[in-house]
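Asker: Listed below are the residues making up each chain.
Protein chains: 2
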Amino acid sequence: MITLHGYWRSTASYRVRIALGLKNIDYRHATHDLRTGEQKTDAYLALSPQGLVPTLEEDGAVISQSLAIMEWLDERWPKRPLLPRDPDDRAVVRSMAQIVACDIHPLNNLRVLTALREELNAREDQVQNWIGRWIQEGFDALEILVRRHSGLYSFGDDPSLADCCLIPQIYAANRFSVPLDAYPKLVEIADRANLLEGFSRAAPERQPDSPKEFRRPRKPRS
Amino acid sequence: MITLHGYWRSTASYRVRIALGLKNIDYRHATHDLRTGEQKTDAYLALSPQGLVPTLEEDGAVISQSLAIMEWLDERWPKRPLLPRDPDDRAVVRSMAQIVACDIHPLNNLRVLTALREELNAREDQVQNWIGRWIQEGFDALEILVRRHSGLYSFGDDPSLADCCLIPQIYAANRFSVPLDAYPKLVEIADRANLLEGFSRAAPERQPDSPKEFRRPRKPRS
Chain A
1 MITLHGYWRS TASYRVRIAL GLKNIDYRHA THDLRTGEQK TDAYLALSPQ GLVPTLEEDG
61 AVISQSLAIM EWLDERWPKR PLLPRDPDDR AVVRSMAQIV ACDIHPLNNL RVLTALREEL
121 NAREDQVQNW IGRWIQEGFD ALEILVRRHS GLYSFGDDPS LADCCLIPQI YAANRFSVPL
181 DAYPKLVEIA DRANLLEGFS RAAPERQPDS PKEFRRPRKP RS
Chain B
1 MITLHGYWRS TASYRVRIAL GLKNIDYRHA THDLRTGEQK TDAYLALSPQ GLVPTLEEDG
61 AVISQSLAIM EWLDERWPKR PLLPRDPDDR AVVRSMAQIV ACDIHPLNNL RVLTALREEL
121 NAREDQVQNW IGRWIQEGFD ALEILVRRHS GLYSFGDDPS LADCCLIPQI YAANRFSVPL
181 DAYPKLVEIA DRANLLEGFS RAAPERQPDS PKEFRRPRKP RS
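Heads up: the protein sequence lines correspond to chains A and B, in order. The numbering of the first sequence is this note's numbering, which starts it at 1 and goes up by one. The numbering of the second sequence is this note's numbering, which starts it at 1 and goes up by one.
Keep in mind the hints are simulated off the structure, nothing from the lab. Fair warning: this is a prediction, and the values are worked out from it, not measured in the lab. Hints are supplied without guarantee of correctness; some may be wrong.
[Stated by the list, open to error] Chain B stretches covered by chain A per the calculated footprint, using a threshold of three residues with CB under 8 angstroms from any CB of chain A:
1) 47-61
2) 71-84
3) 120-133
4) 137-151
Where is the CB? At the ideal position from N, CA and C, for every residue including glycine.
With the rest of the complex left out, here is chain A:
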């Protein structure tokens, strides 16, 4: 049985929940409240020395970093692949995913925003500009790449690693009120993806550790 160490609002954890859902893999949640520093306990640090989420455990294997976890899932459970077969196509999907995972999200996660506030005395309007700026720079490029390569999803007609990263980043943009008018293709694809159970069940508000005031009930199955 897989255990996913995560947090409802961590967008990196959200990516992995989508990948697990798309592949229909059962797993157990282990939650670590990032606001109270639960990811820095000795027990968790012994497992995952960065003290970040997500980390995946399965039968002795311990894997951190969301992209590494999703690649591992794709190698171990090759059905419903997250990457196309052709190396050139795989490279495009990986580079889309990494625009989000390397050039947007690392600049905007909680530990970085806390450093801006506490060490650089950034005001809230400056933090808000900082967040919006990196989302926009990344999405400017991603909108172009997705227009070049999309079908129903970011690359072709099947959900991929790119969508596992895009949809949580759209969620974060909405959470921080970053305008998305300039990215109609990204929004269209996110809206379509969110109709799939693999994406909708991974949403932060559907997670067992989400606070009641955010909780969204699962839609009844029709």
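With chain A's structure known, arrange chain B on it following the hints.
Answerer: Just chain B, lined up with the frame of chain A:
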């Protein structure tokens, strides 16, 4: 023939140069001076919409993002692999690489330091603390993981994707005078890797676009 769009001092370009060198793949340099914004010309943006380096071109394929480029090289030129064969091992190597590529480097590259200075009015001592902080947080974890899994190199006895990311990050740490005393294993492995031609020829000071005052001649072959 492969063209690598890069810049001598870009550590993400440096990673790809190492991967190309380890696989003994010939390539042509196309340099874009990041200090003067040469990576934002219309011609380069048409090729690579993020306007960042590195981007690799080969026979119609255009790939951005250093991790995506290195995975593509490994799939297209499988000799001298950059990843082990077992999925659990591959995941460990990828997560080591991503500690550098997702959690250290994106916070310290030129566009981010410029934003700290210009938009948050950060003083130089604050910028220096910012740089050191993310290197130390990442290396604290990487030192532990590398001790668990290393042989001669970061994972086992062969250079891997993890070393392609580690060695340029050690270079950056030295450049910014970040102390490395707490990371003897990482330094030991970097010193060993730098004895290999694949690593030494990729060094910033050996690149044709490095300014003369930094240039280091190639060692004569013995």
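Asker: All hints are to be evaluated individually against the structure, with a verdict given for each.
Answerer: We went through each hint and held it up to the structure:
no.: 1; hint: 47-61; in the structure: holds (count 5)
no.: 2; hint: 71-84; in the structure: holds (count 4)
no.: 3; hint: 120-133; in the structure: holds (count 6)
no.: 4; hint: 137-151; in the structure: holds (count 6)
When each numbered hint is compared with the structure, no violation occurs for any of them.
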